[in-house]
Amino acid sequence: MKEENIRFFNKGAWKTVLVSLVILIAGEAALAWQYHRLEKKRLPQIEQKLAQQQQELEKQNAQNILEDFLKARIVREEVRATRYLTEVAMQQRETGKFQLVGDFTDYEIRDVQRADENSFRFQVAIFGEGEMLRQLEIIRVRKILEDYY
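Going by the working numbering, the letters in the sequence shown line up with residues 1 to 149, in that order.
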């Protein structure tokens, strides 16, 4: 019996197993190479789509803050509206460059542009009594740390 086992190991059975194993590893390597090659083509598309979605989210967040600010101005809640102002806007308000509250009845966001990486520029029409256009304002919404102002 021992002699049969020795003959088995001497025969080509192990060679066949070894060759099969090498073929299996080569096949796996070829499949992995093809997969990575395909992923390299798709990865930039996925990253671009993710960046677009991130920009759209940021734009929506900035617009939500702007709408809260404008609603506070319309209902004449000066303290609430002041929370959304930056230091520069507070200085402009104090020098009379814009009126924070007034006889505003409605607003309409007409245009939005990305000013830079951390801010958006909105063109806002503010209406007074009788749906008359009272003023057209360019409002810059800026991201400071994780909040918009």
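No lab work stands behind these hints, which were simulated from the structure alone. Be aware that one or more of the hints could be misleading.
[As the list claims (entries may be wrong)] For each label pair, taking beta carbons as the anchor points, the in silico distance ranges come out as:
1. E67 to A29: 54 to 60 Å
2. Q52 to V79: 36 to 42 Å
3. W33 to D111: 45 to 51 Å
4. G27 to Q113: 18 to 24 Å
5. Q53 to D147: 19 to 25 Å
6. D111 to Q52: 15 to 21 Å
7. Q52 to M132: 35 to 41 Å
8. G96 to R140: 31 to 37 Å
9. L136 to L43: 27 to 33 Å
Note that the Cβ used here is the ideal one computed from N, Cα and C, for glycine as well.
Going down the list of hints, with the structure as the test:
A hinted range of 54 to 60 Å holds for the C-beta pair E67 and A29, which are about 56 Å apart. Remark: the range hint 36 to 42 Å for Q52 to V79 is upheld by a beta-carbon distance near 37 Å. At roughly 49 Å, the beta carbons of W33 and D111 sit within the given window of 45 to 51 Å. Between G27 and Q113 the CB atoms are about 53 Å apart, so this pair departs from the stated range of 18 to 24 Å.
Take Q53 and D147: their Cβ atoms lie about 20 Å apart, and the range 19 to 25 Å holds. The hinted window of 15 to 21 Å between D111 and Q52 holds, with their beta carbons roughly 19 Å apart. The hinted range of 35 to 41 Å is satisfied by Q52 and M132, whose Cβ atoms lie roughly 38 Å apart. Range check, G96 to R140: Cβ separation about 19 Å, and the 31 to 37 Å hint is violated.
Taking 27 to 33 Å as the suggested C-beta distance range, the pair L136 and L43 does not conform, at roughly 44 Å.
Hint check: violations occur at hints 4, 8, 9; the rest are consistent with the structure.
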